[in-house]
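A.B. asks: Residue numbers (this note's numbering), protein chains in the order written: chain A, 1 to 294; chain B, 295 to 421.
These aren't lab readings, by the way, just hints derived from the structure by calculation.
Virtual Cβ for every residue (Gly too), placed ideally from N, Cα, C.
Check before you lean on any hint, since a few could be wrong.
[Stated by the list, open to error] Mimicking DSS-like on lysine-lysine, the simulated pairs with C-alpha atoms at most 30 Å apart in a straight line are:
1. A/LYS162 / B/LYS300
2. A/LYS34 / A/LYS62
3. A/LYS162 / B/LYS315
[As the list claims (entries may be wrong)] Quick list of simulated restraints, FRET-style, between CB atoms:
4. A/ASN81 / B/GLU320: 42 to 52 Å
5. A/PHE144 / B/LYS413: 42 to 52 Å
6. A/VAL266 / B/ASP419: 29 to 39 Å
7. A/LEU225 / B/GLU360: 49 to 59 Å
8. B/ALA403 / A/ILE147: 49 to 59 Å
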Amino acid sequence: MFTQYFGHFLLNRGIVTAHQLQSAMDQLQSTHVKLGILSVNAGYMTAEQALEVHQAQARVDKRFGEIALELGYLDEEQLQNLLSAQKESHLLLGQALIDQEALTLNTFTAALNEYKQENYLSDEQFAAIKNGDIDVLLATMLKFEDIPNIDLHRQYISLLAKNLIRFIDPNIYFEVNAIPRDYQCEWLVSQQMTGQVPLASGFSLGEMAFLQIASAYAEEQLTELDAIARDAVGEFLNLHNGLFLVNMSGQGLELELQPQVIEEQVPLPPTVGSYLLTVYMSGSSFDLILSEIS
Amino acid sequence: MTQRLKIMVCDDSALVRKKLKTVLEEQGYTDVREAENGEIAVDAVKADPPHVIFMDIVMPVKTGIEALKDIRAIAPDTKVIMASSVGTQSNLLEAIKLGAFDFVQKPFAAEEIVRVLAKVTKEEDHA
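For reference, chain A alone in the conformation it holds in the complex:
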């Protein structure tokens, strides 16, 4: 998920164009991260040292790791760590952008540092984020106005990110937005959780996002908003809320699930809180509604 945040950062800063970013994102599946990028990212080597090894590779038929070991830039343990980290996706993005000459290794490294500074991240936080810690990523990236029980909202959203990545789409990006005036839901899939802290949850979606979630969850290509598609989105919300309830129960908060409700062309429910969380997926987006019922 950090890949999406870092990609947006590069785009917003004008470091890459939308076309370059999209093309790099498309390449991610087939990109193989080079050890040079990994070693600089891990702080084992400087960008200059990585360049020196790359230049040496042009002269001798040896792998990056072998040369770096010979030059004393890496030790065995570091090399093993790097080899096991070769699937890190933000590095895949960096690799793809470097391969299409949208940026250099130096620019990439500098941009990562800027990202860290701009978001006031500690070394520990940034390391956790780069290693895929979604809780830390969202806790540092999503800014909420004053909301009661903010921790509950954060836990709910963090779990949603994990479930979306697991069941629907690995490329998601969240944004906290104020509720626009006269907001109307094209489709609203909602579910209440009753108990000590009653909660209303829901997805407000257009047809494209509806079918994207439904198809991914039903594991078949759905093209119509029929009973199967509606059930698929309802079941996904139910599954997510169920897992949330288990987590809450572990913390001593007992809640019970109510049946899901699916409605078309409705205004937001009167219980809605003070924000919407917009979830961007590959090609579509929807809004999450989460509020306490008074």
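We have chain A; now place chain B onto it with these hints.
C.D. replies: For chain B alone, coordinates are given in the frame of chain A:
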């Protein structure tokens, strides 16, 4: 191999019914009926009781727990297997007390369905 058990899938979700039915048919069960809620299931059991029912818990009109109570009274030999979503496990204890045969977790894993049906078959063979 064709299996002889008559099975009912009771769930308000068409997707869940379709997926479970597919798993059952792949296992050779040809007599698979569907019910959209507990009330429809109870009426169908009165007419022709199946050997096994996979029963959802949270449903409109009549919940799985209410339907379980009725079915235990109407057709005590029918084995009711509760299908629990994450978060509805607290209802399972009540269901077991009321005579549910077993439970499976949603989303369904085919192996879990096979396991529970093997248990039913074993009991039927010894009955």
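A.B. asks: All hints, please: hold or fail.
C.D. replies: Against the structure, the hints come out as follows:
1. A/LYS162 / B/LYS300: Roughly 39 Å between the alpha carbons, so the hint for A/LYS162 and B/LYS300 is violated.
2. A/LYS34 / A/LYS62: The hint holds at about 14 Å.
3. A/LYS162 / B/LYS315: Between A/LYS162 and B/LYS315 the Cα gap is close to 29 Å, so the pair holds against 30 Å.
4. A/ASN81 / B/GLU320: 42 to 52 Å: 44 Å, holds
5. A/PHE144 / B/LYS413: 42 to 52 Å: 49 Å, holds
6. A/VAL266 / B/ASP419: 29 to 39 Å: 53 Å, violated
7. A/LEU225 / B/GLU360: 49 to 59 Å: Given about 31 Å between the Cβ atoms, the range is violated.
8. B/ALA403 / A/ILE147: 49 to 59 Å: 38 Å, violated
In this structure, the earlier hints numbered 1, 6, 7 and 8 are contradicted, and the remaining ones agree with it.
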